[in-house]
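So the protein sequences, as listed, match chains U and P. Quick note: the first sequence, position 206, residue 206 per my numbering, numbers continuous. Quick note: the second sequence, position 270, residue 270 per my numbering, numbers continuous.
Possibly wrong hints are sitting among the right ones.
[Said to hold, decoys possible] Selected chain U positions facing chain P (Cβ under 7 Å, derived; list incomplete):
{"hint": "1", "residue": "P106"}
{"hint": "2", "residue": "A143"}
{"hint": "3", "residue": "S248"}
{"hint": "4", "residue": "E277"}
Just so you know, these hints were derived from the structure itself, not from any lab. Small disclaimer: the values here were computed from a predicted structure and weren't measured. Beta carbons are placed, not taken as given, at the ideal position from N, Cα and C, and that holds for glycine.
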Amino acid sequence: MASIFQGVGAATAISSSACFDSKKLIFSAATPRFLTEKKGSFFMVRSDGRLNHNNGISSRAEKIVTNAVAAKADAPAASATSKSGHELLLFEALREGLEEEMDRDPRVCVMGEDVGHYGGSYKVTKGLAPKFGDLRVLDTPIAENSFTGMGIGAAMTGLRPVIEGMNMGFLLLAFNQISNNCGMLHYTSGGQFTIPVVIRGPGGVGRQLGAEHSQRLESYFQSIPGIQMVACSTPYNAKGLMKAAIRSENPVILFEHVLLYNLKEKIPDEEYVCNLEEAEMVRPGEHITILTYSRMRYHVMQAAKTLVNKGYDPEVIDIRSLKPFDLHTIGNSVKKTHRVLIVEECMRTGGIGASLTAAINENFQDYLDAPIVCLSSQDVPTPYAGTLEEFTIVQPAQIVTAVEQLCR
Amino acid sequence: MGFSAKLVQPLPLLNTTTARRSASENMNCASPFLGSTHKLRLPRPIVSSTRTHFGSGSGSAPAIVAVKSDVIKDNKKPKSDVSNLLITKEEGLEVYEDMILGRAFEDMCAQMYYRGKMFGFVHLYNGQEAVSSGFIKLLKKEDSVVSTYRDHVHALSKGVPASQVMSELFGKTTGCCRGQGGSMHMFSKEHNVLGGFAFIGEGIPVATGAAFTSKYRREVLKEADCDHVTMAFFGDGTCNNGQFFECLNMAALWKLPIIFVVENNLWAIGMSHLRATSDPQIWKKGPAFGMPGIHVDGMDVLKVREVAKEAVGRARRGEGPTLIECETYRFRGHSLADPDELRDPAEKAHYAARDPITSLKKYMVDNNLATEAELKAIEKKIDEVIEEAVEFAEESPAPSRSQLLENVFADPKGFGIGPDGKYRCEDPKFTEGTAQV
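The following block holds chain U by itself, in its conformation from the complex (with noise of 0.2 Å):
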């Protein structure tokens, strides 16, 4: 049974010929960089597989792979495993992050509503109240500004808070703090005080739950300067994120989907810490790159299975840093295939799409065969009609057609 995984040691991309008997999902990923990189304690995974390289024009017709693709939200996606993993849902795999980094440095707290007692209104840290007590994750009131300014405080005076907003539209009336306080007081006390607060919480599009219960904040805090900002897709890279993002220095913003925080998967038993900066190759390809990330990801997998069943090749890329781009995953991608289509459910106007279709073409637009393209949510304060909301987020027929389009 080979299945490639994410870690040292599986130097080049490899192709999606049919060399790998798969059952499962199939990720690759390392790229050199993994080598030079010193951070955490990534494990080292045996690969099985033979790796094929790409031996030039692959004939469309051939390249039939079944399962090559996670259905919508239940994906048993292998992006990791080991002899021995163990099977989980993505929130649980949030908490087993938080848990184990509030085990390894006291200085980790977290701070919301509902956070304690209740234990998270997603359930990401249910339990860690009464293993670890009311003040170190605290149940704060309701005042989102208020509060994530007092994160920042303690974060300035030594302690480490992960700040959670109930959902990630609350944390518009912390705006205030999270773009002044948070992205700011680093640069403007001249370097003397750091801010390793994670502020993290469920955004996106969920099931009719609403307009402003539906948002999508990329877009918003993209621009303020000081802050990272990464989006989670699997419980892999979930749990990844979310102990990279405490144990970095700046201030990070982590961005959950409301709709996968019950996807289930395998991760390793070993500890291990994904990259902030970096892209995840999910799907490689020849014939174009699809850049996308949290929950389109699942609708792009999806249309990738029609995409392959019609011939086509498509790399898929999860960019997952939605600030910095990961410019050097993405720009070997699109050297390799010269077309980009973009799928994200951030806002059409100003969203990720565009500045990351600004980035591409101004660094990589010599590669480039066609306009990138790219497919956004529609500019609407989410309806609660349930097909109306259907028609708000980008859906994996549009993509197919999106493809198609693309690669006449």
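Assemble chain P onto chain U, guided by the hints.
Below, chain P alone, put in the same frame as chain U:
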């Protein structure tokens, strides 16, 4: 909490009397709308000014209510009663020197500003020195101070050298924030000055966080002797802001070791406190959240010090926060760009007569704590300190291009990975700003 304040409500509209009323009588003031044209009133009538306040319907003489706490029961201390003195000689000299430093520094700032050495918004503290010296001189180095944009003197009182503050104002790289902060963002890790914030109210949650860390250290990290307190300074305008109330709630809820100091100088740029606030007695907002609220005469450094001692003691013992309203006054405009046309000259004269520095000087001399010569020597010494600070700032280099991107991230990997696969920060040209981003 033992403090009670003798208060007089601002008199209602169209009332020409200036008699003091009892607090209870004024509580249910008949005036429906206190805010529009009311002015502050003096306890004794001043020669009525021919200038009418714009929009004012009342032709009454302008007057100001001076409100004092009765912490110090008797204003006049018997001259020769040494045991009743509020301050020892050393303490008195320390406080005097600090106030002189604050005053001289701010005066020099004004001079330098008009000579084109510093730019932007500069907010001077003249007249309010009693609050800064009265409170901050009681703190130890590990205690934290959080301020607003009117922060030069808070930084100086806390111990940041005048040369570093002046250098920061000149925008030089030897400034306490490497020239990156400016007048409104004074930070010092060494002296635990947590800023310097331009938006009002923004610093109060940060101060709450610092107090939270102190409690966390004591209770979670088990550093039993950690009794660091935090002082948050802010103005009357801030007391109508949401962050103020939210933090009062949290601080009282968790009994954080924080002292909220309101520097009520009665004006928020051109907005009189009375025109902006439904209940102008800010100290009352403390008990509403479960903490003591105290009103003190902020022009008298000894009274301020007494109140501060009590509050700091409370915080150190873990009894929780205190809200202290200091009635004070700024002699200059809101900032150096403010023409200061709205404030009544009579009001200014009233407070100028209560200059905290001259008051303390008089007290010390009258009670034989110090001679005129000693105090003069202090003033001379401070003049030299300020001169040196200006010289230091003048001679310091301005930041070079390479400093531009240096402190954006604590971990510069946050700039990301460039197209060539290396982290941007590994490119030596990156922070110099000459690389292609």
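Hint check results:
1. About 6 Å separates the beta-carbon of U:P106 from the nearest beta-carbon of chain P, less than 7 Å, and the hint is met.
2. Contact between U:A143 and chain P, as hinted, is supported at the beta carbon level, the nearest pair being about 4 Å apart and thus within 7 Å.
3. The restraint placing U:S248 at the interface with chain P holds, with a minimum CB-CB distance near 6 Å, inside the 7 Å limit.
4. For U:E277, the interface hint holds, the least distance from its beta-carbon to any beta-carbon of chain P being 5 Å, beneath 7 Å.
Violated hints for the displayed structure: none, as all numbered hints are satisfied.
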